[in-house]
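Just so you know, the sequences run in chain order A and B.
FYI, the working numbering numbers position 422 of the first sequence as 422, with every residue one higher than the one before it.
FYI, the working numbering numbers position 34 of the second sequence as 34, with every residue one higher than the one before it.
In short, the hints are calculated from the structure, not lab data.
Please note: incorrect hints may appear among the correct ones.
Said to hold, decoys possible - Think about it this way: if two alpha-carbon atoms lie no more than 27 Å apart in a straight line, the pair counts; the simulated DSS-like pairs of lysine-lysine are:
#1 A:K418 <-> B:K75
#2 B:K7 <-> B:K75
#3 A:K174 <-> A:K232
#4 A:K209 <-> A:K174
#5 A:K85 <-> A:K144
#6 B:K121 <-> A:K418
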Amino acid sequence: MFGLLGIYENITERKRMQDDLARREAEMRTTLYSIGDAVISLDINGCVLLMNPVAEQLTGWSEPEAHGKRLEEVFCLINEKTRAKIDNPVTLVLNSGRNATMMAHTVLIASDGTERPIGDSAAPIFDQAHQLTGVVLVFRDLTKERAAEEVILDQLAIIETYQGLVALADMDGKLIYINAGGTKLLGATQAEEILAKNMTDLLEPTDFKRFTDEALPVAIKERVWNGEHTLKRMDGTRIPVSQTVFPIRDPQGNLRHIGMIITDISQQKALQEKLLISEKLAVMGRLVADVSHEINNPLAIIIGRTQLMLSQSDGQQPPLQCQLETLLQNAQRCKTILSNLLTYSRTISKQEAAVNLPDLIREALDAVSYQYDMSTLEVAVACNLSAYTKIIGNKDALLSVFINLIRNARQAMTQTGKLTITITMENESQLRIEIHDTGIGISKSCLEKIFQPFNSGWQQDKGTGLGLVTSLGIIETHGGKLWAESAGEGQGTKFIILLPHRNRKTQVINGLED
Amino acid sequence: MKKAVTKQKILLIDDESDLLELIKEILEREGYQIFCASNGAAGILLNEQENPDLIVLDLRMPEMDGIETLQHIRKTDDQVIVVILTGYGCPDTIRDAVDLNVSEYLSKPFENKQLVSVIGKALDL
Chain A
1 MFGLLGIYEN
11 ITERKRMQDD
21 LARREAEMRT
31 TLYSIGDAVI
41 SLDINGCVLL
51 MNPVAEQLTG
61 WSEPEAHGKR
71 LEEVFCLINE
81 KTRAKIDNPV
91 TLVLNSGRNA
101 TMMAHTVLIA
111 SDGTERPIGD
121 SAAPIFDQAH
131 QLTGVVLVFR
141 DLTKERAAEE
151 VILDQLAIIE
161 TYQGLVALAD
171 MDGKLIYINA
181 GGTKLLGATQ
191 AEEILAKNMT
201 DLLEPTDFKR
211 FTDEALPVAI
221 KERVWNGEHT
231 LKRMDGTRIP
241 VSQTVFPIRD
251 PQGNLRHIGM
261 IITDISQQKA
271 LQEKLLISEK
281 LAVMGRLVAD
291 VSHEINNPLA
301 IIIGRTQLML
311 SQSDGQQPPL
321 QCQLETLLQN
331 AQRCKTILSN
341 LLTYSRTISK
351 QEAAVNLPDL
361 IREALDAVSY
371 QYDMSTLEVA
381 VACNLSAYTK
391 IIGNKDALLS
401 VFINLIRNAR
411 QAMTQTGKLT
421 ITITMENESQ
431 LRIEIHDTGI
441 GISKSCLEKI
451 FQPFNSGWQQ
461 DKGTGLGLVT
471 SLGIIETHGG
481 KLWAESAGEG
491 QGTKFIILLP
501 HRNRKTQVIN
511 GLED
Chain B
1 MKKAVTKQKI
11 LLIDDESDLL
21 ELIKEILERE
31 GYQIFCASNG
41 AAGILLNEQE
51 NPDLIVLDLR
61 MPEMDGIETL
71 QHIRKTDDQV
81 IVVILTGYGC
91 PDTIRDAVDL
101 NVSEYLSKPF
111 ENKQLVSVIG
121 KALDL
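Modelling step: build the complete structure from the supplied sequences, incorporating the hints.
This is the structure:
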């Protein structure tokens with residue numbers, strides 16, 4: 001009974017062990033077959049024992065076909081670039097008994113000729129006695145990774161080409177990446193000069209607190225912070241920038257890096273300032289216009305009354321008459337200043353548009369004739385241009401230039417004289433306008449001074465010394481030139497204006513920005 | 001002895017009373033008969049009552065401005081000669097006045113002589 005029982009137990013034990021083995025093998029096969037990577041197991045001679053379906057698919061061999069074949073037959077590797085055959089890692093493992101991984105740029109050629117970039121590793125198998133019994137080769141199709149890598153490289157190229165600064169910093173604030181645009185923006189020649197610096201090294205010291213107290217916490221809490229800072233360049237110069245700060249997290253949501261995008265906004269800033277100035281000028285222009293209109297009446301009364309008193313006191317009280325004359329002269333001087341201010345105020349902050357020069361000059365002649373007697377003058381306007389030639393400019397401003405120059409010409413000619421205005425093409429890009437009078441002329445020494453402020457060549461009651469300065473400024477903002485020529489006193493004067501015409505529109509607009 | 005020629009009548013319309021007074025004095029010395037109105041409405045009324053030969057009209061006046069006043073006057077009177085007083089070289093207002101048959105423009109501040117000659121010229125036309 002005992003013996004029988006013993007045998008029975010023995011048989012039961014063996015059966016159980018056999019069952020275990022079969023179960024384990026089944027488990028192992030299931031595991032092997034369900035692995036996403038390709039797996040090939042090899043015996044000690046490097047011949048194929050097992051192959052999972054992924055391995056079948058990538059090599060193009062079925063497991064039964066491959067079984068017992070040497071690995072080199074089913075697993076053909078070449079270098080992606082040199083296309084030279086590569087030894088598979090299994091030989092290395094069999095020789096060394098250690099794990100081996102494959103070199104980069106390895107391509108597997110399947111039985112049908114399909115080439116796939118792969119990554120693989122091989123590990124030795126030992127039995128219980130630590131004897132090497134075989135090798136397991138695990139490999140993966142890297143086609144998708146390679147494509148993704150290419151996309152990342154493309155994106156990196158975009159970031160590198162971007163003119164603004166793109167940078168990454170670790171959580172201590174140390175810069176670990178900066179693009180070429182950022183390197184250039186900071187005035188460095190190589191990214192290495194900037195890497196390892198701290199983010200705050202790029203900021204104006206006064207901006208530190210704002211960066212650490214506001215930008216960083218807000219970026220971390222709300223995923224992005226936008227604001228303006230002053231960027232400190234390598235050479236110590238500063239530029240205004242707009243900055244975006246954002247955290248980069250790992251898949252678990254832990255902070256990994258801080259990202260920064262910085263763009264140079266010095267041009268916008270300069271433009272904003274110009275706009276602000278032009279707004280201020282516009283307000284000033286309106287104010288000047290209103291004030292001069294309001295002062296016109298009281299001034300008319302002062303001048304009129306003084307003249308009336310002078311005419312009534314005909315030589316009876318010389319000292320009084322002298323004082324009245326001084327009064328009158330100065331009131332008249334105020335009048336001229338006002339009219340110049342008014343002219344100037346009308347030139348401020350107007351839009352540029354196409355201007356017809358002959359029309360404009362006729363309008364200027366009309367305007368001057370309201371104030372001065374032009375009937376004693378011989379006036380000739382000659383325009384030698386095609387009807388299509390126009391200039392782009394501020395019409396009111398240019399009008400005031402011509403009014404001013406025509407008024408000067410009128411005043412230069414005591415009674416009779418000839419005023420000649422000619423418009424011709426100077427060259428391909430410029431028009432030449434000449435305003436020529438036969439008046440008193442300008443001496444050489446005065447000629448140099450007439451464009452300086454408050455340096456009127458006129459007697460006190462005729463000019464303020466602002467007209468030509470203003471005119472010059474207007475012509476220069478139109479990208480043109482203005483100068484005077486005179487053979488000397490008594491020889492008449494010629495004012496010459498060069499203005500860019502329509503075909504050079506961009507140049508005109510650039511000029512107006514200044 | 002009565003003058004053979006009746007005095008020519010001039011109506012001044014200006015809101016600035018001192019200026020009105022000054023122009024009145026200058027023109028009276030030249031022998032004109034002067035009527036003064038310190039706003040547009042009074043000017044329109046006086047024009048109907050006195051039927052002047054010429055009106056000196058200020059463009060800038062509160063409430064009814066010079067252009068509006070002249071538009072009213074021109075509805076019933078296309079004969080009266082009009083001289084406009086304006087600030088220095090205001091092309092805009094001059095353009096506005098173009099259709100209203102204005103004879104002369106005089107920009108403020110003006111010389112007394114200028115005023116007299118402009119008015120003489122306008123009346124001679």
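Which earlier hints can't be squared with this structure? 1
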